[in-house]
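S.K.: Using the sequences and the hints, build the whole thing.
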Amino acid sequence: MLEIDGISKHFGGLPALEEVSFRCREGMTTALIGPNGAGKSTLINCIAGTLNPDAGAIRFTGRRIDDLPCHRRPYLGIARTFQNLALFPRLTVLENVLAGLTPEAEQSFVKSLLRLPATRHRERLLRLKAMAMLDNFGLADKARWPASVLSYGDKKRVEMARALVAGPRLLLLDEPVAGLNGAETARIAMEIRRLHGAGLTILLVEHDMDLVMTVSDHVVVLDGGRLIAAGAPQEIRTNPRVIEAYLGRMSVTA
Amino acid sequence: MTPRDRIRYFFSSHRTGLSVCLLALFLLVYPAWVGNPYLLGISNLIAVYLIAVIGLNLFIGYAGQISLGHAAYLGLGAYGSALLTVHLGINPWLAMAATAVAVGLTAFLVAIPTLRLSGHYLAMATLGFNIVCYTVMMQWDRVTGGPSGLAGIPHLSLAGVAIDDETRFHYLAWGAAILVLTLGLNLARSSLGLALAAVAQNETAAASLGIQVHRAKIRIFVLSAVLASVAGSLFAHCYTFINPDSFTIFNSVELVTMVVIGGLGSIWGSLFGASLIILLPEFLHFFETFRDIIHGLIVVTVLILLPQGLVSGLKDLLRMRLLRKANNARN
Ligand SMILES: Nc1ncnc2c1ncn2[C@@H]1O[C@H](COP(=O)(O)OP(=O)(O)O)[C@@H](O)[C@H]1O
Ligand SMILES: [Mg+2]
Chain A
1 MLEIDGISKH
11 FGGLPALEEV
21 SFRCREGMTT
31 ALIGPNGAGK
41 STLINCIAGT
51 LNPDAGAIRF
61 TGRRIDDLPC
71 HRRPYLGIAR
81 TFQNLALFPR
91 LTVLENVLAG
101 LTPEAEQSFV
111 KSLLRLPATR
121 HRERLLRLKA
131 MAMLDNFGLA
141 DKARWPASVL
151 SYGDKKRVEM
161 ARALVAGPRL
171 LLLDEPVAGL
181 NGAETARIAM
191 EIRRLHGAGL
201 TILLVEHDMD
211 LVMTVSDHVV
221 VLDGGRLIAA
231 GAPQEIRTNP
241 RVIEAYLGRM
251 SVTA
Chain B
1 MTPRDRIRYF
11 FSSHRTGLSV
21 CLLALFLLVY
31 PAWVGNPYLL
41 GISNLIAVYL
51 IAVIGLNLFI
61 GYAGQISLGH
71 AAYLGLGAYG
81 SALLTVHLGI
91 NPWLAMAATA
101 VAVGLTAFLV
111 AIPTLRLSGH
121 YLAMATLGFN
131 IVCYTVMMQW
141 DRVTGGPSGL
151 AGIPHLSLAG
161 VAIDDETRFH
171 YLAWGAAILV
181 LTLGLNLARS
191 SLGLALAAVA
201 QNETAAASLG
211 IQVHRAKIRI
221 FVLSAVLASV
231 AGSLFAHCYT
241 FINPDSFTIF
251 NSVELVTMVV
261 IGGLGSIWGS
271 LFGASLIILL
281 PEFLHFFETF
291 RDIIHGLIVV
301 TVLILLPQGL
311 VSGLKDLLRM
321 RLLRKANNAR
331 N
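Protein sequences, first through last, are from chains A and B. Numbering of the first sequence is given in the numbering used here, commencing with residue 1 and proceeding in unit increments. Numbering of the second sequence is given in the numbering used here, commencing with residue 1 and proceeding in unit increments.
It is possible that some hints are incorrect.
Said to hold, decoys possible - Quick list of in silico lysine-lysine cross-link-like pairs, DSBU-like style, CA-CA up to 30 Å:
{"#": "1", "chain 1": "B", "residue 1": "K315", "chain 2": "A", "residue 2": "K129"}
{"#": "2", "chain 1": "B", "residue 1": "K315", "chain 2": "A", "residue 2": "K155"}
{"#": "3", "chain 1": "A", "residue 1": "K111", "chain 2": "A", "residue 2": "K129"}
Bear in mind the hints are in silico, worked out from the structure with no lab data behind them.
M.R.: Next comes the structure, spelled out in structure tokens:
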């Protein structure tokens, strides 16, 4: 489904990714782990088009996407969340999720200025869809609130809802439970498992080893911008190179 | 649904449309009510400015950009109409349309490089464009009449009736202003308006959701320039005389002040902002004397204290207070 082929990215001469290659298989959840600064977010940004890799190729369903502008990629079915929240603070919760339906929304300037009945009808349908997604995440009662007043946990869920509302084929999650308490984490974990069960392809960046071990089919480990291991969750847990990479930086619990 | 619910539902779902109708009704009878040409002249000026301010507000509030040179487009509209009608004897309506198209194209060409800039750089670039336009209006006196301006611009006429007094111009200018207000409200409430607001708040997130950030900014900038051009043309045909002094960078700051008072992205706020800034000097004479300084002070203070503008900023503040309280009470 997703092929990462020799991706490199440098920031002012310093390498953040060096010739990273791996695949995400269709319908599988691939976990991307590694210590802080390993280059996980940089890789997610390259796949989503927020950053352009310096070298290498990214293929999605057989098609090269690394030269495609960022805004084209949601149309192919690629959706993402951000490690550091990237909501639209002054828009309402519902509007934030509606923005996730951009590929289905009216793009014509003239039609938007005239707001003809057909356009309104289409907007009403999108609203219903966004509302249903909010309901899924238990946020329907806060639909009219500006996003900035939500709690951190609610904001994380709004981002998930925004990424999922258009029904993507590939979901890129950058630390979806970082900073959440136990109950909130459980809730997101349940949602990820549900999506996994529904056959969505997911690339999950996460430090929470419990979550990684229970939801992923395949684990890829980055350290210092290089891929140091890849395999089934059980193998990774006992891989000496992985343990070494984490030693002194964070403990592999689980 | 009881009949009463039905009425309530009708009013709540057509709030915007009904407000526009109410305003239109008020403006329909306004000339009969005041009758005083001086007062009508003031409200006509509000209408003309409103057209430009709504465009600028869409650009500032919905693309998250700043333009300190919008008076240049107002000037291009006014001079375009004036030159075409005075020198070439072209029909005023045609001149207005041709000018608007030309200004739209100019804005498009200016936008491609400048909208890649942001913040201070964009402010400087737009300011620079305004200064260039002003200098051309001043120096190219063989064509523009230089500092003494251009006189003898014909009035517009509709079905053989020349729009040559305040009452007639009232209906024309406010008709146009209401139309632009409606279009602006439509755009703001549409999916596209949402996409534009998203661009203003987080470009990275907007792009990752499929919004073409650069294109969105260019389109809204061109729209705002075209609206400014139309406002400029109306201005020229109303007063039949123009000179460069109406299109300086201080006029650009005045336009930004109107946007900032009403609130960034608020179409109704634009009506309030334009009215207030045009009416204030009528009541407070020192305001006229220190106009440019006061405008500058208003913009700076409001933007430091309430980055969303005065009216929307205060509204947001109140709303956030209430919601935070509700949220805390619940958790
Ligand atoms: N925009 C940027 N500019 C410069 N350096 C960056 C940028 N983004 C990330 N980096 C650097 O790239 C490396 C990888 O960062 P990142 O991908 O965020 O790591 P991770 O998500 O695995 O914690 C880090 O050393 C970081 O400092
Ligand atoms: Mg990261």
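S.K.: For each hint, tell me whether it holds in the structure or not.
M.R.: Hint by hint, here is what the structure shows:
1. Of the supplied pair hints, the one linking K315(B) and K129(A) holds, its CA atoms being roughly 29 Å apart against a limit of 30 Å.
2. For the hint pairing K315(B) with K155(A), the CA-to-CA distance comes to about 22 Å; that is within 30 Å, so the pair holds.
3. Note on K111(A) and K129(A): the hinted pairing holds, with a Cα-Cα distance of about 21 Å set against a maximum of 30 Å.
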